[in-house]
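Engineer: The listed protein sequences derive, respectively, from chains X and F. Residue 99 in the numbering used here sits at position 99 of the first sequence, and the numbers go up by one each step. Residue 250 in the numbering used here sits at position 250 of the second sequence, and the numbers go up by one each step.
Errors might be hidden in some of the hints.
As the list claims (entries may be wrong) - Subject to a maximum C-alpha distance of 27 Å in a straight line, what follows is the list of computed DSS-like cross-link-like pairs (lysine-lysine):
#: 1; chain 1: F; residue 1: K238; chain 2: X; residue 2: K114
#: 2; chain 1: F; residue 1: K238; chain 2: F; residue 2: K37
#: 3; chain 1: F; residue 1: K261; chain 2: X; residue 2: K111
#: 4; chain 1: F; residue 1: K153; chain 2: X; residue 2: K26
#: 5; chain 1: X; residue 1: K111; chain 2: F; residue 2: K238
#: 6; chain 1: X; residue 1: K14; chain 2: F; residue 2: K286
#: 7; chain 1: X; residue 1: K114; chain 2: F; residue 2: K37
#: 8; chain 1: X; residue 1: K138; chain 2: F; residue 2: K6
#: 9; chain 1: F; residue 1: K153; chain 2: F; residue 2: K261
#: 10; chain 1: X; residue 1: K116; chain 2: X; residue 2: K74
#: 11; chain 1: F; residue 1: K238; chain 2: F; residue 2: K153
#: 12; chain 1: X; residue 1: K14; chain 2: X; residue 2: K26
#: 13; chain 1: F; residue 1: K6; chain 2: X; residue 2: K74
#: 14; chain 1: F; residue 1: K153; chain 2: X; residue 2: K114
#: 15; chain 1: F; residue 1: K153; chain 2: X; residue 2: K219
#: 16; chain 1: F; residue 1: K37; chain 2: X; residue 2: K14
#: 17; chain 1: F; residue 1: K49; chain 2: X; residue 2: K219
As the list claims (entries may be wrong) - Here are the in silico distance ranges between beta carbons for each label pair:
#: 18; chain 1: X; residue 1: E191; chain 2: F; residue 2: T279; range: 36 to 46 Å
#: 19; chain 1: X; residue 1: P272; chain 2: F; residue 2: I193; range: 21 to 31 Å
#: 20; chain 1: F; residue 1: K285; chain 2: X; residue 2: R274; range: 29 to 39 Å
#: 21; chain 1: X; residue 1: T65; chain 2: F; residue 2: I193; range: 16 to 26 Å
To be verified - Here are some chain X residues the structure puts well away from chain F; computed CB gaps all over 10 Å:
#: 22; residue: H63
#: 23; residue: A89
#: 24; residue: E92
#: 25; residue: K114
Hints were generated in silico from the structure; no laboratory data involved. Beta carbons: idealized from backbone N, C-alpha and C, even for Gly.
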Amino acid sequence: MFGVFCYYVMSVIKVQNISKHFGSLKAVDDLSFEVQAGQVFGFLGQNGSGKSTTIRMLLSLIHPTSGSIELFGKRIEKNREEILEQVGAIIERPDLYPYLSAKEHLQLFAKVRKQKIGEADINTTLEKVGLAHRAQDKVQTFSLGMKQRLGIGIALVHNPSLIILDEPTNGLDPQGIADIRQLIQYLAKEEGKTVLVSSHLLSEIEQVAHQILIIHQGKKMVEGVTKELLDPEKRIVQIKTTDDAAALQFITTVSFSSYLLSRSEGMYLKIPTREIPLLNEALVKAGVGIVGIETKNSLEDYFLQITSNA
Amino acid sequence: MWSLIKVELYKIFSRPRTYIAFGAIAALIVVIQLGLKIDGDSYASFLMKDINDTLTVDGNVLNGYLICYILLQLLLVHVPLLVALIAADMISGEANLGTLRLLFSTPFTRTQWVLGKFVAASIYTIVLLIWLALLALFLSMWVFGTDDLFLMKSNYVVLIEQKDVLWRYVGAFVFASFSLLTVTSLGFLMSSIANNSIGPIVGTMSAIVFFTILSTLNIPLFSMIKPYLFTTHMNNWKEFFDIQVSDNNEAINGSILNVAKIKTSLIVLSTHIVLFVGTAVYITKKKDILS
């Protein structure tokens with residue numbers, strides 16, 4: 001018996017060169033990335049780095065100044081309703097109606113979905129986010145953590161394929177953070193959901209995400225597979241040269257190109273320690289003067305450097 | 001669309017603020033009715049002091065129909081403020097609360113949401129008006145009884161037979177619903193511009209006060225624009241109580257003196273509703289949801 005297995009990984013999110021300008025402020029600057037189906041995608045950046053603006057653009061809450069966004073292979077601006085039927089999201093804070101109960105929230109948001117969402121689905125969602133025992137209580141009596149859980153519940157109630165969670169652990173205590181982490185892992189592993197989760201803390205993202213993207217001042221700084229980015233055998237190297245354009249051209253055409261993390265604000269490479277001298281030598285041979293090669297101990301150091309520079 | 005309207009109605013009627021208007025109207029009406037019940041005779045004498053020498057009026061002058069007319073004169077100026085409390089908060093209140101982004105990331109268009117919200121706010125306005133009608137008209141009829149409606153206009157007197165009154169109130173309340181829906185749509189427009197609750201409410205009230213002053217000023221410059229201002233037409237429900245007279249100077253039952261004026265007012269008010277809501281939809285569609 002023969003079986004043919006065709007493995008095709010679909011891009012659930014495909015962002016190409018999007019920018020968003022508010023007057024002279026470039027909130028997002030020429031950002032591109034892809035999220036594959038079934039992946040937990042960590043979207044990392046300090047506060048004000050452009051994460052929420054990007055997420056708002058994904059949900060068509062704000063319009064990009066330029067670039068294109070495709071979700072499920074379709075342009076968001078042309079297929080908005082069809083796409084959003086398959087998306088559940090929380091954005092920044094869990095803002096809710098203080099005069100309604102947790103269950104009323106889910107019932108209301110279930111009503112604005114095309115598929116039939118019954119009482120059992122609502123109860124299951126409440127249990128999933130750990131609010132079944134407070135279902136009838138008004139939201140004004142909830143702690144921030146409970147509001148955050150309810151926000152996630154609203155995002156999940158219609159059983160979407162793509163879940164976008166913007167800073168879902170904001171304001172949570174350590175147990176709450178662990179619960180959300182477990183929930184994200186459960187959604188991806190057990191239910192096959194694609195999850196985009198943003199945070200300003202690497203420690204939160206690295207435990208759940210398959211892929212990480214770091215943005216800073218609206219620009220992509222690093223993107224890669226979490227395991228590789230956190231590989232202790234490899235170091236992040238910042239290279240400063242006399243001619244960055246020539247150095248970049250050289251690197252992208254030789255074997256070192258696979259190590260390239262970021263082209264903005266100098267060049268950053270994630271490179272095995274033993275290959276750092278080889279890279280140095282190769283650049284000099286190519287006629288590029290080296291001003292400095294600085295190694296970072298870890299992705300966290302690199303991320304902290306970005307944060308502290310801001 | 002119906003699901004959006006149901007969601008919006010649920011939210012409106014779950015908020016304690018919604019019932020302030022119902023409470024305020026009930027309190028005002030009951031207080032005025034109580035005052036007139038206790039001291040109505042002296043009030044009636046005061047009303048008729050100018051014509052007592054030339055005209056003798058028998059029967060129950062201070063009946064439920066007259067009380068309702070007095071109440072409407074007093075209240076229909078202030079009810080718009082109560083309507084603005086809800087209407088002007090429909091979009092901006094959600095922006096302020098941060099829930100607008102939750103709504104706008106559902107698979108409905110912004111136009112559908114805005115129209116759904118407007119319909120829900122309009123239903124609230126109509127329910128408020130029905131509440132007003134129940135208390136001002138039917139409670140007054142029950143407490144004060146019914147008789148012919150005797151109205152003192154600025155330079156003439158109108159006497160409408162008892163059997164010819166009720167349909168005029170129905171007409172007046174339908175007309176008033178157009179007036180209040182214009183206020184609802186104005187509040188809505190203000191709400192689409194701002195991201196906080198207070199600004200649009202104050203803005204709507206200020207706009208009504210501003211245009212009402214323009215409508216009442218007898219200055220030639222403003223006379224040109226007066227016919228196009230919604231505030232000029234909002235009080236024309238009173239036209240239902242101006243009756244035609246025959247050659248023998250007898251009132252013609254079932255007639256209205258100036259039907260054309262009512263029609264014009266309804267057209268102007270309807271045009272304002274469409275313009276205000278259309279602009280609110282346009283603004284909401286274009287704006288970035290940053291709150």
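Engineer: Hints first: check each against the structure and report whether it holds.
Structural biologist: So, going through the hints one by one against the coordinates:
Of the pairs offered as hints, the one joining F:K238 and X:K114 is violated, with about 47 Å between alpha carbons and a cut-off of 27 Å exceeded. In summary, the hint linking F:K238 to F:K37 is supported, as the alpha carbons are separated by about 24 Å, within the 27 Å threshold. With a CA separation close to 44 Å, the supplied pair F:K261 and X:K111 exceeds the 27 Å bound. Under the criterion of a C-alpha separation no larger than 27 Å, the hint pairing F:K153 with X:K26 is inconsistent with the structure, at around 65 Å.
Between X:K111 and F:K238 the alpha-carbon distance is near 43 Å, which puts this suggested pair outside the 27 Å criterion. A hinted pair counts as satisfied when its Cα atoms are at most 27 Å apart, and X:K14 with F:K286 qualifies at roughly 24 Å. A distance of roughly 56 Å separates the Cα atoms of X:K114 and F:K37; the hinted pair therefore is violated under the 27 Å criterion. Using a Cα cut-off of 27 Å, the hinted pair X:K138 and F:K6 holds, with the two alpha carbons roughly 20 Å apart.
The suggested pairing of F:K153 with F:K261 holds, with an alpha-carbon distance near 17 Å, which does not exceed 27 Å. A threshold of 27 Å between alpha carbons decides the hint, and for X:K116 with X:K74 the separation of about 24 Å falls inside it, so the pair holds. At most 27 Å may separate the alpha-carbon atoms for a hinted pair to count; F:K238 and F:K153 meet this at roughly 10 Å. For the given pair, X:K14 sits about 21 Å from X:K26 by alpha-carbon distance, which is consistent with the 27 Å threshold.
Of the supplied pair hints, the one linking F:K6 and X:K74 is violated, its CA atoms being roughly 31 Å apart against a limit of 27 Å. A hinted pair counts as satisfied when its Cα atoms are at most 27 Å apart, and F:K153 with X:K114 does not qualify at roughly 57 Å. Of the supplied pair hints, the one linking F:K153 and X:K219 is violated, its CA atoms being roughly 72 Å apart against a limit of 27 Å. Proposed proximity of F:K37 and X:K14 is contradicted: the alpha carbons are some 73 Å apart, above 27 Å.
A threshold of 27 Å between alpha carbons decides the hint, and for F:K49 with X:K219 the separation of about 81 Å lies outside it, so the pair is violated. Distance hint for X:E191 and F:T279: a CB-CB separation of about 44 Å, consistent with the stated range 36 to 46 Å. At roughly 57 Å, the beta-carbon separation of X:P272 and F:I193 lies outside the given 21 to 31 Å, and the hint is violated. Look at F:K285 against X:R274: about 57 Å separates their beta carbons, and that is not inside 29 to 39 Å.
Between X:T65 and F:I193 the C-beta distance comes to about 22 Å, which sits within the given range of 16 to 26 Å. Residue-level check failed: X:H63 sits 7 Å from the nearest beta carbon of chain F, not beyond 10 Å. A beta-carbon of chain F is positioned within 10 Å of the beta-carbon of X:A89; the least distance is around 5 Å. Non-interface call for X:E92 relative to chain F: violated, since the shortest CB-CB distance, roughly 8 Å, does not exceed 10 Å.
Not every C-beta of chain F lies more than 10 Å from that of X:K114, the closest at about 7 Å, which undercuts listing it as non-interface.
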